[in-house]
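Undergrad: Residue numbers (this note's numbering), protein chains in the order written: chain A, 537 to 810; chain B, 434 to 701.
Since the hints were made in silico from the structure, they are not lab data.
Predicted, not measured: the structure shown is a model, and the values here were computed from it.
It is possible that part of the hints are untrue.
[To be verified] Computed list of lysine to any residue pairs in SDA-like fashion (alpha-carbon distance at most 20 Å, straight line):
hint	chain 1	residue 1	chain 2	residue 2
1	A	Lys710	B	Gln556
2	A	Lys710	B	Arg530
3	B	Lys579	B	Asp526
4	A	Lys710	B	Leu555
5	A	Lys710	B	Pro624
6	A	Lys710	B	Pro542
7	A	Lys710	B	Asp526
8	A	Lys697	A	Val621
9	A	Lys710	B	Lys579
10	A	Lys539	B	Arg530
11	A	Lys697	B	Ala504
[Said to hold, decoys possible] Stretch by stretch, here's where chain A covers chain B in the computed footprint (C-beta under 8 Å, at least three residues):
hint	region
12	520–529
13	549–556
14	595–608
15	639–651
16	681–692
[Unchecked claim] Some chain A residues judged to face chain B by a derived CB distance under 8 Å, without partners named:
hint	residue
17	Tyr698
18	Trp701
19	Gly707
20	Ala708
21	Val714
22	Ser715
Just so you know, even glycine gets a beta-carbon here, dropped at the ideal spot from N, CA and C.
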Amino acid sequence: MSKRITNAIALGMLWIAALITVAVLGTVIGYVVINGIGELSPRFIFTWPEGVAAEGGVWPTIVSTLYVTALAMVIITPIAILAAVYLAEYAVQGRLVGTIRFAADSLASVPSIVMGLFGLALFVEAAGIGFSMLSAALALSFLMLPIVMRTTEEAIRAVPKYIRWGSYGLGATKWQTVSRIVLPAAMPRIITGIILSTGRAVGETAVVIYTMGQAINLPVSPLDSGRPMTVHLYLLAMEGINLPAAYGTALLLMILILGFNLGARFFLRRNRKV
Amino acid sequence: MALRATPVPDNAPNKITVKELDFFYGDFHALTDITVDIKEKAVTAFIGPSGCGKSTFLRCFNRMNDLIPGARAEGLVSLDGQDIFETGVDPVDLRRRIGMIFQQPNPFPMSIYDNVAFGPRLQGVSKKAELDEIVQHSLERANLWKEVKDILGRGGLTLSGGQQQRLCIARVLAVEPEVMLMDEPCSAIDPTSVQKIEDLMAELKDRITIIIVTHNMQQAARVSDFTAFFLQEVAGDPAILVEYDRTSNLFTSPKDRRTEDYITGRFG
Ligand SMILES: Nc1ncnc2c1ncn2[C@@H]1O[C@H](COP(=O)(O)OP(=O)(O)O)[C@@H](O)[C@H]1O
Ligand SMILES: [Mg+2]
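One chain only, chain A, in its complex shape (with noise of 0.2 Å):
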């Protein structure tokens, strides 16, 4: 009886804290959703915003904040896959890699702000590269690599051994073995990793803040400044120049990251099939 009891109350509380949990998510997005719903149109996607209260659309920023994160992409890419190689398959494992390992996971950590803060004496002032979607991107880069390194060292990893076995037994290399069975394997993962990690970087606002500057523009050049999405939200939203922008700001970020998630499960799903 008193088992019974027991059971019944432990399932009603974790009852109660899935429900809260759902609860919070869903009074967030929808709080935005009817917020920002009346907002959105195809006007407020692909026009500029205009005059003091930044009436109009939102166009430049979407730009600023798509450009920035293939930047940091690209910078990130190469770098973690050939340091997460080293770790997993060449590094002899010991201190010295648990060492790498800790210092990536404390660096992921950093809070953001501090990032900023070092992008922007390091590259907007020291490097002299201005306020800028190249700073930007680099100081994105710093705050994302632990991650899309450790996320690419586990889906190295993840690749069974007699797979590496068969390749080895053929008379492969350590890099032939590594270049033509291990990464091709690995792949889904790694590239699920690095689109995941692509939503953070598209709603990272502290970093991007001091980086790329806030002059509202339509980046060409790596060397453009603009003004991110998380930013034009936050500056409409805290001068109070114009809420009802603000939030169709904050739907269509929270759909582009939606897009990027969904991007990933769906990546990931149609590859584990082959």
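With chain A's structure known, arrange chain B with the ligands on it following the hints.
TA: Positioned in the frame of chain A, the structure of chain B with the ligands alone reads:
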């Protein structure tokens, strides 16, 4: 049980010679004092209870144990008279000459064609016509061609377990090895494929030397010319080679009491 009709002659040359081999995993002494001659162009079976070091011994021949940290061999293993542990020997070259089939079929996550072409491509074969021919020929020798000739572009992992194992055999044959090591190749697959693998072994041994580890004594008796029986008598002690003889002798009149106990215990 049909024993082999044309026995390998007594004066057949030795392909592999093992003298006083000891093997260690770190502090664990896995094998001791193994001495055996493996005849060329014959099938040799390794039998014995699980955990007695058959796989370990097999992996010495192509130095796959080099991949295991802390693993170490002492003694002599020679291939065609050449000591394979000598510093001048590149394990990568050795593995081209000595192919290996594993218990778990392990096709690469790529097409059937690419699986078979993998080895030749490593060696620099890149002409389409040449690769096509190697792929077809290898699949034919592995008794798989008829089943896959129209689906060569399909993923190797979409095949059944038994087909996957034959694909792995084709993949090894594509590099024209002199020796093929098979570690319980039939323990995880369907009976039809087992039959096909036993058939292909009989065909292949005209040209290559085969060593097969098997749990199935009927299989050892059916496919092999020579049999080696391994045993770890006391847990924690290294395993030894108890008896090595022509398969027909070993199964009908074992010289060692322990061999007899093992084969009768399992045959009943
Ligand atoms: N990689 C390894 N590291 C340490 N010990 C191992 C390793 N592989 C096998 N062994 C040990 O060596 C002994 C022989 O194993 P194995 O060669 O796999 O036997 P078998 O193939 O006859 O079943 C076992 O006691 C096993 O636990
Ligand atoms: Mg074994």
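Undergrad: All hints are to be evaluated individually against the structure, with a verdict given for each.
TA: Now for the hints, and whether the structure bears them out:
Taking the CA atoms of A/Lys710 and B/Gln556, the gap is near 14 Å; set against the 20 Å cutoff, the hint holds. For a cut-off of 20 Å, the pair hint linking A/Lys710 to B/Arg530 stands: about 17 Å separates their Cα positions. Of the supplied pair hints, the one linking B/Lys579 and B/Asp526 is violated, its CA atoms being roughly 32 Å apart against a limit of 20 Å. Restraint check for A/Lys710 and B/Leu555: the C-alpha separation of about 12 Å stays at or below 20 Å, so the hint holds.
At most 20 Å may separate the alpha-carbon atoms for a hinted pair to count; A/Lys710 and B/Pro624 exceed this at roughly 35 Å. For the suggested pair A/Lys710 and B/Pro542, the alpha carbons sit about 18 Å apart, so the restraint of at most 20 Å is met. The hinted pair formed by A/Lys710 and B/Asp526 meets the criterion: a straight-line CA distance of about 13 Å does not exceed 20 Å. Of the supplied pair hints, the one linking A/Lys697 and A/Val621 holds, its CA atoms being roughly 15 Å apart against a limit of 20 Å.
For the given pair, A/Lys710 sits about 34 Å from B/Lys579 by alpha-carbon distance, which is inconsistent with the 20 Å threshold. Taken as a hint, the A/Lys539 and B/Arg530 pair is broken in the structure, with Cα atoms around 66 Å apart against an allowance of 20 Å. Distance restraint check for A/Lys697 and B/Ala504: the Cα-Cα separation of roughly 17 Å lies within the 20 Å cut-off, and the hinted pair is therefore satisfied. Three residues within the 8 Å Cβ limit are the bar, and the region 520–529 of chain B against chain A gives 5, so the coverage statement holds.
For the region 549–556 of chain B, the stated coverage by chain A is satisfied: 4 residues place a CB nearer than 8 Å to a CB of that chain, which reaches the threshold of 3. Proximity of the region 595–608 of chain B to chain A, defined as three or more residues with a beta carbon under 8 Å from a beta carbon of that chain, is established by the 4 residues found. With 0 residues having a Cβ less than 8 Å from any Cβ of chain A, the region 639–651 of chain B misses the three-residue criterion, and the hint is violated. Counting residues of the region 681–692 of chain B whose C-beta lies closer than 8 Å to any C-beta of chain A gives 0; at least three are required, and the coverage claim is violated.
Interface restraint check: A/Tyr698 against chain B, minimum CB-CB distance 4 Å, threshold 8 Å, status holds. With a least beta-carbon distance of about 6 Å to chain B, the hint placing A/Trp701 at the interface is held under the 8 Å criterion. Proximity of A/Gly707 to chain B holds as hinted, the smallest CB-CB distance being about 4 Å (cut-off 8 Å). Hint on A/Ala708 holds. Least Cβ distance to chain B is approximately 6 Å, under the 8 Å limit.
Checking A/Val714 against chain B by beta carbon gives a least distance of about 13 Å; that is not within 8 Å, so the hint is violated. Because the closest C-beta pair between A/Ser715 and chain B is about 11 Å apart, greater than 8 Å, the hint is violated.
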